[in-house]
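Peer 1: Line by line, the protein sequences give chains A and B.
Oh and the first sequence: position 253 is 253 in my numbering, straight run, nothing missing.
Oh and the second sequence: position 434 is 434 in my numbering, straight run, nothing missing.
No lab work stands behind these hints, which were simulated from the structure alone.
Ideal placement from N, C-alpha and C gives every residue a C-beta, glycine not left out.
Treat the hints with care, since some could be wrong.
Cross-link-like lysine-lysine pairs, in silico, DSBU-like; alpha carbons within 30 Å at most [stated by the list, open to error]: (1) 3/A to 314/B; (2) 140/A to 3/A; (3) 58/B to 460/A.
To give an idea of the interface, some chain B residues facing chain A are shown, with a C-beta separation under 7 Å as derived from the structure [unchecked claim]: (4) 94; (5) 99; (6) 197; (7) 311; (8) 404; (9) 407; (10) 423; (11) 427.
A short list of chain B residues far from chain A (calculated; beta carbon distances all over 12 Å) [to be verified]: (12) 39; (13) 135; (14) 180; (15) 181; (16) 226; (17) 267; (18) 448.
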Amino acid sequence: MKKTLPALIAHIAVILAVIIVMGTLGLIAAGVASEGSEKFTDEIERNVTLRILENDTAKEQGYLKELLDAFNAEYAEYGIKAVDANMDQFTDLETGGPYGYGPDVLYQANDAIMKYVDGTRKHILPLPVEQLDCYEHIGKNAWDAYKVTIENQDFICGVPVNIQQPLLFYRKDLLPANWETEWDDDKNGVPDMIEYWTDLYRYSQTIRAQSASNYGYMKSLNDGYFASGYFLSYGGYVFGGEERNDTSDVGFSKNDGYLGAKIIRQLASVMNLECTEDTITKNSYSRMAQGAYFATMTTPDVYTMFIKEMVNAGFTEEYARENLIMTDVPKLPVSGDLEDESQGFKDMTVMGGINGYAISSYTKAPNAALAFVNFATSYKMINRRAELLGISPARGDSAEALGGLNANINNNLTAGTIYVMPSVRALGQVWTPLQTYCAILADDSLTGKNVYVTDEALKKGLENVDNQIYAAIHTLG
Amino acid sequence: MKVIEKFKNFFKTLPDKFKAIPYKLAKKFAGAKEILVQGNGKVSASMIVMGLGQLLNKQWAKGIMLLFIQVAFIVYFVLTGATDLFGFFTLGTRAGNAWYGIEGDNSVVMLIMGILAILIIILYIAIYIANIKDAYRTQCALDTLKKPVSFKQEVGTLLDKNFHKTALALPVIGVCVFSILPIVFMILIAFTNYGDNIVPPALVDWVGLENFGKILSLGQFAPTFFKIFGWNMLWAVLSTAINYFAGLGLALLLNKKCVKGKAIWRAFPILAYAIPGFITLLGFKFMFSYGGPINYYIQQAGGEAVGFLGLDAKWSARFIGLIVNAWISIPSTMLLATGILSNANTDLYEAARVDGASAWKQFIKITLPYVLFATTPVLISQFIGNFNNFGIFYFLRGSLNVDGYFLASDTDLLINWLYNLSINNNYYSIGAAISLIIFIITSVISLAVYVLSPSYKQEETFR
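Chain A extracted, bound-state conformation (with noise of 0.2 Å):
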């Protein structure tokens, strides 16, 4: 064994010698701070490629292709070329940005994008918001979307473009022949149903007991994201905090908010079993085009699907879009009781999302990039885009030029009605709980199951939602 075990020896101690001292070296190495730089020097890169991922919507109506044209136009100087980030609006920066693979400028709703400096996460850059054409105009309460505080200083990583809130849809052709006398108590030629949901509501109980395939309102109510909005409207809210993104404190069953599940409750016994899922959601356009349901709320990006479904069902197009009205979500009963008005009326809180755009913090040409968001956010194409896609810009001047619903929503963010999405990755586990609880508490009231009635059960289901989302949050983090 003497013979040739050194030599063994002597390869072992060898190999292991290289593998420590390189490995040493290395940690050494890894050891020594690299220092960065500021990304925004006001130095505009020349002759880059700026991949700009924008929604479905900008593409199909041909938005996407104009902003791209005007902005190629404008810096052709610079050679800085935009062009389609032919990628999925949903794209997660998070998983390709870091591996260079992912946009340079990304449009995308408030939480989406901030998820992207959740945490330890710093995907999306900081901006110099205030050298842009538009940080004037756009509220604070926008800006706040796009907040983020980082060792007690303050970042804003997006740029407002858009804000999206739910709003009522109804068939004006629907109202009844008499609703000038009859349904428009406070004489200011508007409708009362489409004021006050508790109207609303007794509207729909007039058309069911007139008809047993006909609906007034009708809604999905297991969706969380509109079902929120009865809970926002009375003091509960997702998450406490100056903020709204302290996620220790769940707060849905807070101050008053068990009365929004009173209002889901009631509002389940004028539909039927499909509002404990998502089928009313799928089959609104074609039902409103038949005349089946009188009124639904959803979002406004989605106008074009009824008018389609109208036209489809024989009506012209103009005539759908005299017909078919968008407007603000009705006010709630102070008391939280669809049929008692004697304490007044509120508005009603409901979930909104500002979109925007981003900057990837692994773009090559960081200024370029600002340059183009400062591009697509100026007063000119902001109101083309609002004219093409049908938007609610966040830009006070463009929204009050548009005027109508556009300086109503406007109005509504900086009122506080809105209740933008808070702006943490820990939003998503909200959702499955609250539309649990929702879908609960419409079908314990059309099958009769009647467990929620009392005040106390109501607020002991809500509170079991907060706790739910609670745990999801924080009892593995």
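We have chain A already, so just place chain B on it with the hints.
Peer 2: Just chain B, lined up with the frame of chain A:
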């Protein structure tokens, strides 16, 4: 009873198998000891530098090749291997900051590269040992005045006697890179804190068995795990049995001479098989929904709408899941059984008929053992497939949390729960720990069933 007996025997022989391990090891290493004692200077040379002994024996091609491997190995470790290996243990020491373009360590990439470095070390050790054995073989040949095997001869054997090695070399490398590496990666993730907010550029750390501890100790977690596991086992057994026997039954039925238009009848189940599964599932979800056709007819008949997949629909939803799964899976079993039955020995049936065996007896004694023998591996894969059947309840009854379950519903399988936990909630490490448990359960069951099945024990029976 036979199965129980087989299990008993298997466990009875386990101590003997363990006792035999030292003997087998000693036998294995007897050769190594011999080389260490008897090896000459050239063998020592090969021990110091791979291929050196071969070069001294004037085996130029082989020597240069081995030397090249040695050099390549050292170069790899100098350039990146050593850092990768150390990175496997540290999982990074420098956090990146994309805002300022500071590139930090990516723990996940480091883990993968570390595993790769370990695999390369294992490969190197195997080649190193082969190098020493080769040098010693040459020494033995020269000592006995034989001509050592030339490089040409050795290459020749790789195309002849040792062709299996040549043929398997690439697949083995492929399996290591594309199969073993991801599996090992997934297993190791279960021992880290990867997930939630700890995702690159944040640095991931090793946490030992903490994740398994969480699964078993968290008040809400353990009951959910066992409830889902119990249903998952029941689901896997029932769905496999239903799909298998219904598929076999259909094949037997369509194999009957009296059935007219067999091609047309066989086409129907194939159509169901050909339609993408999720489309079928969404179709069934609609059919059983409150607004679907089934409830429409119930209401037209004067009844009340039934929540087949609703909130309280635990068992009806489970039953619908079994039926829908059968709808999707029976055609494949039917096709398989049809193929196998077409090769069945008709003489056996003829003999059985002469002996007066009934149709049932023929099925039990001839058809079933024959089909079972041929399809046991498929049966096992179907069992595993059903155990991990993600789509059925995700599409039929997703996005539902039920009281008494932690982030799950009463129809969720472990794989659905795993998805809720890991993808929806970003708890990758917990997800990996649960998938490791699923992996252990399914592999133990599959191995036990396969080893105890006639397909394994009586391989020659039907040849």
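Peer 1: Report the numbers of all earlier hints that the structure fails to satisfy, in ascending order.
Peer 2: 1, 2, 3, 8, 10, 12, 13
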